[in-house]
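**Q** Those protein sequence lines, which keep their order, are chains P and W. Each residue of the first sequence is one higher than the one before, starting from 1 at the first, in our numbering. Each residue of the second sequence is one higher than the one before, starting from 1 at the first, in our numbering.
Quick caveat, the hints were computed from the structure, so don't treat them as lab data. Be aware that a few hints might be false.
Identical copies look the same in the list; a pair holds intra-copy or inter-copy alike.
Claimed, not checked - Think about it this way: if two alpha-carbon atoms lie no more than 25 Å apart in a straight line, the pair counts; the simulated SDA-like pairs of lysine to any residue are:
1) K132 - V313
2) K338 - A243
3) K338 - Q215
4) K132 - E50
5) K132 - A361
6) K338 - D265
7) K338 - L264
8) K338 - D314
9) K338 - A380
10) K340 - D136
11) K338 - P39
12) K338 - Y237
13) K338 - L42
14) K340 - P39
15) K340 - L37
16) K338 - R242
17) K132 - T54
18) K132 - G240
19) K132 - P39
20) K340 - L26
21) K132 - A165
2 protein chains.
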Amino acid sequence: MTFPPVAPPSRVLMGPGPSDVPPSVLRALSAPTVGHLDPAFLSVMDEVREMLRTVFGTANELTMPMSGTGSAGMETCVVNLVEPGDRVLVGVHGVFGTRLAEVARRAGAEVETVEAPWGRPLDPDDFRRVAKAGYDVLCVVHAETSTGVLTDLAPFAAIARETDALLLVDAVTSLGGVPVEADRHGLDAVYSGTQKCLSCPPGLSPITLSDRARQKLASRRSPVRSWYLDLNLIARYWGGERAYHHTAPVNMIYALHEALRLVLDEGLEQRYRRHRDHADALARGLEAMGLVLPVPEGSRLPPLTLVQAPDGVDEAAVRRHLLEQFGLEIGGGLGELKGKAWRIGLMGSSATTRHVTLCLAALADALHAQGFTPRGDALAAARARLGRK
Amino acid sequence: MTFPPVAPPSRVLMGPGPSDVPPSVLRALSAPTVGHLDPAFLSVMDEVREMLRTVFGTANELTMPMSGTGSAGMETCVVNLVEPGDRVLVGVHGVFGTRLAEVARRAGAEVETVEAPWGRPLDPDDFRRVAKAGYDVLCVVHAETSTGVLTDLAPFAAIARETDALLLVDAVTSLGGVPVEADRHGLDAVYSGTQKCLSCPPGLSPITLSDRARQKLASRRSPVRSWYLDLNLIARYWGGERAYHHTAPVNMIYALHEALRLVLDEGLEQRYRRHRDHADALARGLEAMGLVLPVPEGSRLPPLTLVQAPDGVDEAAVRRHLLEQFGLEIGGGLGELKGKAWRIGLMGSSATTRHVTLCLAALADALHAQGFTPRGDALAAARARLGRK
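Extracted from the complex, chain P is given alone in its bound form:
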C-alpha cells in the first residue's frame, strides 16, 4: 500500500494563516538538515533569537521559537507563569481569549474572565475594575484571530503595573504585521506563530519573557506541569549551556531565519504601513460592494478583516467557489461566528495590491454566483485608497 508523492496545488493564501510563503523561505526550509548541536546550527539559533528580539521590540534574554505551533506558545507562557492556585484574569472577546482561559484552568489556576462582545476590543475600564481585586497574571489578546480585532495594549500594561500582576499577551496575528513593542509597553510574556505576518510555514511559536516573568519562573514552588514546554529546561539549550532538551526542528528554524531576514530587510515601519494600507484598501473595496465589516474602524486588525456574510448567501459555498475557481483561500467564521462571516487575511507576503485586487474581484464573482449583486465598484474604491490612477 503506497501513495503518489505529495503534489499540493498552487494557492493564494488569504485566510487566517498560513499566509503565502516567499520562495526563499521555502528554499531555506529545504536546506540540508544538520544536527541540533552542530556549531553551524547553534549560530543560526543565535541569529534567530537576535532577529526575533528586534521584531518583538525587546531586549529580553528569553526570546526564542518554541517547537510547536502558536497554541503551543500560548500553553508555554501559561504553564510557565502560572502555578496551581494562582489567580488569573483573562480578557475574552473571541476564540483565543476563551482558549487562554481554558489553558489557564488546566494549568491549575483560578480563572476569572472579563468579557467584551465578539468584534469589539476589550474595555480597559471594565478590566481594571475586576483586576483591582488582585491577580497573579493578566491575559490579553492583542490580535484576536477569530474576529479581526486589535486591542491597544498600553492601558492593559498600565493596569498590570498598578495591580502588580504579570501581563501575558497573545500576539499570534500581530507579530511582524502590527507593532508589538514588548519592552515599551512592559509586556511580561508574549507568544506568536510563524504562519501569520512572518509568512513562514506553521510549526513554530516565537515567544519572549521579561525579566520579571523569568524571576517568577525561577522562584516557582512547583515544577512546570509540562516537561516539553518547561522554559527552565529549554533556556539551557537556547542559552549559553547548550544542554540537550529535545531535538530542535532544525529545518523549520532555517525557514524562520529566512522569514525574519525578509521582515527586517523590508523594515518594520514600512511593513506595518504596508499591512495598514492594504487592509484599508480591502475594507474600502468590501464596503463599496455593500458588505458589512462588523469591527469598528478604529479597532480593526490590519492583517485580518472580518466580513459579515450577507443574508441568503451560503458562506461556505462562497469559500468553495473561491478555492475551486481561483485557488484562493479565505477563512470562515470561528466559534459563534461560524457560518456567519468570513475572515480575510492580509498577512506578511499576502498583504499586497495583487492579493487585494484578486480577492475583491474573485469575491464579487462568487457573490454573483450566489445571487448577491455587489453594489458599487470595489476595485475602484481599493485603487483610490492605494493612490493608484
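Starting from the structure of chain P, add chain W where the hints point.
**A** Frame of chain P; chain W shown alone:
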C-alpha cells in the same frame, strides 16, 4: 541589523538523530504551503495516517503525527493516559526512562520505577514482581536512545495483560528501523520521532493509541492537563470532523508523507534487515579496532551503537575531529555516559555501506590523532560481515 541567508554545511549524520534526509523528502518539505483545512491537505493527512499505521503495525484509528518533536509525543501519551493520582510504573535504564518518570510525575501520577543498569535491557522478571502490586500504566522504553539498548516488548505486554494495566512504549529510535508491531504485542500507546529511522527532519512525533487507551481517555474524570496535546480535541481535527484545533505544521507533514512513502517502497522487512546488517558490520569493524561495545550482542539496538571511549582518549575531541575533518556527526554520551562514550547512529538513510565505511575510516583517523592505535583492520571486518570481497 540583519544576517546573511542560512547556508548549512553538508554533513553526514550518524549521531542519535537527525539522520540523513533523502533529497525527495527535502523537496516535499518545500512544496507550496496550503491551508490546514484545504481539501488537498486533508488527503495528505489521511495518507500519512494510513502509512503510519502500516509502519507501527496497527489498525488503531488514533494514529497520527503530533505537532512537536519526539518528547512532545512522550508527553502526549503520558498526559492523555494518566490522571492525577494514577499509579504509574516506569522501567528506567537510561535517559529516556528517567524522562518518562519525570513527565508522569508532572502529570500528577504516583510514579515508581524499576531500574536496570544503563547499557542493559530491562529485566521482565524484576518488572513483573513490582507490577503485580497494581498500576494504571506501565511504561517501557523499546529503544533507549541514550544507551543503544533494544528491549524485547513481548514479556512486558504480557505483564500489562496479567496486571490489567495500559502499556506505554517509547519507540523513538525504533520506528521504521526495528519492528514495533503495536497490535501483535498489544501496545496501548506508542510514540516516536521523525528524525531517526524515518529520515525526515525533526519536528513531528508519530503516535498510536489502542482502543483500550482511547476508552481510558474518553472516560477521564479530569481534563487532560495539556490543551495543546489533548487527544480528545486533536482527534476531532485528524478524524472525520476536521474541527480546527491548532494550525497543523503543513510542510513538515508533506515531508513525513514522502519519508513514509520511501519506507514502504523499500519494504519494512528489507528495511529492518538493512539496519541489522549494517549495525552488525559496524560492530565488527569497531571491535576489530579494539574498541569496546558495552551493550551485550543480543540487546543491541541496530539503529544506534554505543561505543566506550578508550582510556586516555578525549571523546569530545574525537567528535570535533570527525565533524571538522570529515563533516561527519556522531553523538556523545548522555547522562551518566557523558564524556565516556560515543553513540553512532545508522538510522534510515544513514544505514548504508557508505556510512559504515566512512565512519570506521574516519574514526580510525581521529583515534590516531589522539594517540590511540586501532588494533585490527576494521574495514576488512565490516566488509566480511556485509559479504563483500
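**Q** Indicate, hint by hint, whether the structure satisfies it.
**A** Verification of the hints:
no., hint, verdict
1, K132 - V313, "neither (45 Å within a copy, 63 Å between copies)"
2, K338 - A243, "between (45 Å within a copy, 12 Å between copies)"
3, K338 - Q215, "neither (41 Å within a copy, 30 Å between copies)"
4, K132 - E50, "neither (36 Å within a copy, 53 Å between copies)"
5, K132 - A361, "neither (50 Å within a copy, 70 Å between copies)"
6, K338 - D265, "neither (38 Å within a copy, 42 Å between copies)"
7, K338 - L264, "neither (36 Å within a copy, 40 Å between copies)"
8, K338 - D314, "within (12 Å within a copy, 62 Å between copies)"
9, K338 - A380, "neither (30 Å within a copy, 68 Å between copies)"
10, K340 - D136, "neither (37 Å within a copy, 46 Å between copies)"
11, K338 - P39, "between (48 Å within a copy, 18 Å between copies)"
12, K338 - Y237, "between (41 Å within a copy, 16 Å between copies)"
13, K338 - L42, "between (43 Å within a copy, 20 Å between copies)"
14, K340 - P39, "between (51 Å within a copy, 21 Å between copies)"
15, K340 - L37, "between (49 Å within a copy, 18 Å between copies)"
16, K338 - R242, "between (45 Å within a copy, 14 Å between copies)"
17, K132 - T54, "neither (33 Å within a copy, 57 Å between copies)"
18, K132 - G240, "neither (39 Å within a copy, 45 Å between copies)"
19, K132 - P39, "neither (49 Å within a copy, 48 Å between copies)"
20, K340 - L26, "neither (34 Å within a copy, 40 Å between copies)"
21, K132 - A165, "within (10 Å within a copy, 49 Å between copies)"
In terms of the numbered hints stated before, the structure departs from hints 1, 3, 4, 5, 6, 7, 9, 10, 17, 18, 19 and 20, listed from lowest to highest.
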